[in-house]
Amino acid sequence: MIPAAAPRLAQAIARAIAPRVPLSTSQWADAERMVSSKGSAKPGKWRTDRNPPLREPMDCMSLRSPAHDIACMFPIQIGKTEIAINAVGYVMDHAPAPTMVALPGEVSMNKWVVQKLNPSLDETPAMRRALTSVASRDSANQRTFKDFAGGQLYLEHGGSPQRLKSTTVKVLIVDELDEFAANLRTGDDPVKMLDGRTSAFPSSYKRLYISTPGMEGVSRIKQLWDKSDQRRYHVPCPHCGEMQPLEWGGLHWNTEVTEAWYVCRECGVCIDEHHKTQMIAFGRWVATYPERKFRGYHLNCLYYQFGLGPRWLTLAQEWKDAQGDPAKLKTFVNDRLAETFEDPAMRAVKHNIIADRAEPLPLRPVPAWVLAATAGIDTQDNRLAVQILGWGRGEKCWPIDYIELPGDPAEDAVWDALTDLLNQPIDHSSGGWLTLDAAAIDIGGHRTEAVKAYVRKRLVRRLLAIFGAVPNNAPVLGKGKLQDINWRGQLDKRGIHIHAVGTVAIKHLLYSRLSTDADKAPDDRLIRFSDQLDDTYFGGLVAETYNPQKNRFEKRRGAPRNEPLDTWDYGYAATHHPELRLHRWTRAQWDAREAQILDRAGKVPANDSRETSSTAARPARVATPTRPARRRAGWVDPQ
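If you're matching positions, the sequence shown starts at 1302 in the working numbering and goes up one per residue.
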């Protein structure tokens, strides 16, 4: 035996046969972990005592911990990633097992590897010793794969779902969970898909989810937190000793925001920030629902240690600066308070609140103030969702019907049913009737050509073929573009036009009207509902929530299907039809339409001089000579 190899061989044998020491993750980190200056403001030996709230979440990843599922809903820059790095180091050196770290995108994964993982491997001897190879060109030590004694480390991202699905691990660590849904092109639920990676270890798996939350109703980390035991870090008041979590509502500041202090909820005494370090040191995690097995941890920005985050006064100034700016406010609520953000306008448009405003009136006959009607049609692979909207003066709206017509749009049957529905007269409370003024149908999805063929037949009055505009600042209804090509390869002027619809603008308008209607009497509301509409309709009408950072509306997690919202959008877009332009009708045009309906009911007064013909809704045009004709005839403008 080579003398130089003998000590190393003996060390390996001793390590293999030595009994396992009952070591926790935080104990391992305090003993072995070295923090690099590349990713930390305080490099050197790791000390959990510098940030005590991280101890228990880290120890949940220990071999002897009974916890299997852990969710950490934390603010930015409080040490979320350090929990993950320490857990990886613990597994590599003390409890070898196949491990995967998943990040939302390739860019974030590469940054995590360069700034967090590689510096830790370079400066922590215990992690470096565990690697089977440190050669950068060795297949056992790649950028997204590390082979270590007794296990393997995979680094994957949400932009590659195929690789995520093909990996089986015992330890799963997911960073920034809320960003996964936007990166998964397959449309899979990120939590369900990631949970499946540990199915081969049903009794010994560890799953750690770390993230700052996003939008209310969409945030995945908030959903995990809701079903967890919901642990908050309680600290003692330095004056009365009352244990309590630090909450944003307890922070106070003066008018000029030059001083900030915390107020104890028990004794009401002001607590200066210099007490914070001692308070956190004597704090402990307290579960709201201790009977639940899922561990959930929540912190906010008030727990930043000195030197590891902004001071209370700085946070108060950031809060004041964010007021009036939804994007800034969302960033502060998500990143600093670690809470989900809900658009203030959405709080008054929850489906149960809207349903409570429904009036005890039938859908048909429509109320007397309804003088026009449009329809919006959404195309699905197995049905057509149709909403017929009634309109009155001032764009007051009355949903007349929401119907789903079953059938594949590739077949004729469902189109025949649609034609019969839209051409059916609408009973009016005056005894007359309405006819549909315009309709808009979505050409998106898998039945685009079938929709185009139906629009070409012109079986419904003023039927528009539409699609959702990509720009989020698009107008309600864009200019139509020809789609059909004639035999010469030119655009066919007799073919159909495709119009872009500004769905973001329409949804803003709908939600703002629903919000302002909350405090109004029924007769003054802009959107009124019949109690004959079911709860599914109201839930679908507000199934989406606004994300100010993306300037887009996103479907709330668990909300009903959003076809009622989409068809309302299309029905409103139909009011902007170039031949209708309902939003620009004058008082005379509304009067003419009302007279027409009363005439159908036989209720027009004998001395009523208003026109009642079907063309009275549009003012008559006087033929005016063209400019060349004016010059030839010596025409003079009468004005």
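One should not assume that every hint holds.
Stated by the list, open to error - Only pairs whose alpha carbons sit at most 20 Å apart, straight line, appear in this in silico PhoX-like list of lysine-lysine: (1) Lys1821 / Lys1794; (2) Lys1821 / Lys1697; (3) Lys1594 / Lys1629; (4) Lys1851 / Lys1794; (5) Lys1493 / Lys1629; (6) Lys1758 / Lys1782; (7) Lys1528 / Lys1594; (8) Lys1753 / Lys1697; (9) Lys1794 / Lys1782; (10) Lys1493 / Lys1753; (11) Lys1651 / Lys1629; (12) Lys1343 / Lys1471; (13) Lys1753 / Lys1782; (14) Lys1629 / Lys1851; (15) Lys1780 / Lys1851; (16) Lys1651 / Lys1621.
As the list claims (entries may be wrong) - Label-pair restraints from in silico Cβ distances: (17) Lys1412 / Arg1566: 34 to 42 Å; (18) Arg1762 / Val1408: 18 to 26 Å; (19) Thr1720 / Asp1626: 43 to 51 Å; (20) Thr1837 / Gln1463: 22 to 30 Å; (21) Arg1862 / Glu1567: 44 to 52 Å; (22) Arg1612 / Gln1784: 53 to 61 Å; (23) Arg1612 / Arg1566: 30 to 38 Å; (24) Glu1548 / Arg1309: 34 to 42 Å.
Simulated from the structure, these hints should not be mistaken for laboratory data.
In this text, a Cβ means the ideal position worked out from N, Cα and C, and glycines have one as well.
Hints, one by one, checked against the model:
1. Taken as a hint, the lysine 1821 and lysine 1794 pair is broken in the structure, with Cα atoms around 48 Å apart against an allowance of 20 Å.
2. The suggested pairing of lysine 1821 with lysine 1697 holds, with an alpha-carbon distance near 13 Å, which does not exceed 20 Å.
3. With a C-alpha separation of about 36 Å, the suggested pairing of lysine 1594 with lysine 1629 is violated against the 20 Å cut-off.
4. With a C-alpha separation of about 37 Å, the suggested pair lysine 1851 and lysine 1794 falls outside the 20 Å cut-off, and the hint is violated.
5. For the hint pairing lysine 1493 with lysine 1629, the CA-to-CA distance comes to about 31 Å; that exceeds 20 Å, so the pair is violated.
6. With a C-alpha separation of about 18 Å, the suggested pairing of lysine 1758 with lysine 1782 holds against the 20 Å cut-off.
7. The straight-line distance between the Cα atoms of lysine 1528 and lysine 1594 is roughly 9 Å, inside the 20 Å bound, and the hint therefore holds.
8. Distance hint between lysine 1753 and lysine 1697 is unfulfilled; the C-alpha atoms sit about 31 Å from each other, more than 20 Å.
9. For the hint linking lysine 1794 to lysine 1782, the alpha-carbon distance of about 10 Å falls within 20 Å, and the restraint holds.
10. For the hint linking lysine 1493 to lysine 1753, the alpha-carbon distance of about 38 Å lies beyond 20 Å, and the restraint is violated.
11. A C-alpha spacing of about 24 Å is found between lysine 1651 and lysine 1629, which places the hinted pair above 20 Å, so the restraint is violated.
12. A threshold of 20 Å between alpha carbons decides the hint, and for lysine 1343 with lysine 1471 the separation of about 32 Å lies outside it, so the pair is violated.
13. Distance hint between lysine 1753 and lysine 1782 is fulfilled; the C-alpha atoms sit about 13 Å from each other, no more than 20 Å.
14. Pair hint lysine 1629 plus lysine 1851 holds up; C-alpha atoms about 12 Å apart against a cutoff of 20 Å.
15. For a cut-off of 20 Å, the pair hint linking lysine 1780 to lysine 1851 is broken: about 25 Å separates their Cα positions.
16. Under the criterion of a C-alpha separation no larger than 20 Å, the hint pairing lysine 1651 with lysine 1621 is inconsistent with the structure, at around 27 Å.
17. With their beta carbons about 40 Å apart, lysine 1412 and arginine 1566 fall inside the hinted range of 34 to 42 Å.
18. At roughly 51 Å, the beta-carbon separation of arginine 1762 and valine 1408 lies outside the given 18 to 26 Å, and the hint is violated.
19. A beta carbon spacing of about 49 Å between threonine 1720 and aspartate 1626 agrees with the range 43 to 51 Å that was offered as a hint.
20. In this structure the hint that threonine 1837 and glutamine 1463 lie 22 to 30 Å apart at CB is violated, the actual value being about 36 Å.
21. The hint said 44 to 52 Å for the Cβ distance between arginine 1862 and glutamate 1567, and at roughly 47 Å that hint holds.
22. Between arginine 1612 and glutamine 1784 the C-beta distance comes to about 60 Å, which sits within the given range of 53 to 61 Å.
23. Hint check: arginine 1612 to arginine 1566, Cβ distance near 21 Å, so the stated range 30 to 38 Å is violated.
24. Distance hint for glutamate 1548 and arginine 1309: a CB-CB separation of about 55 Å, inconsistent with the stated range 34 to 42 Å.
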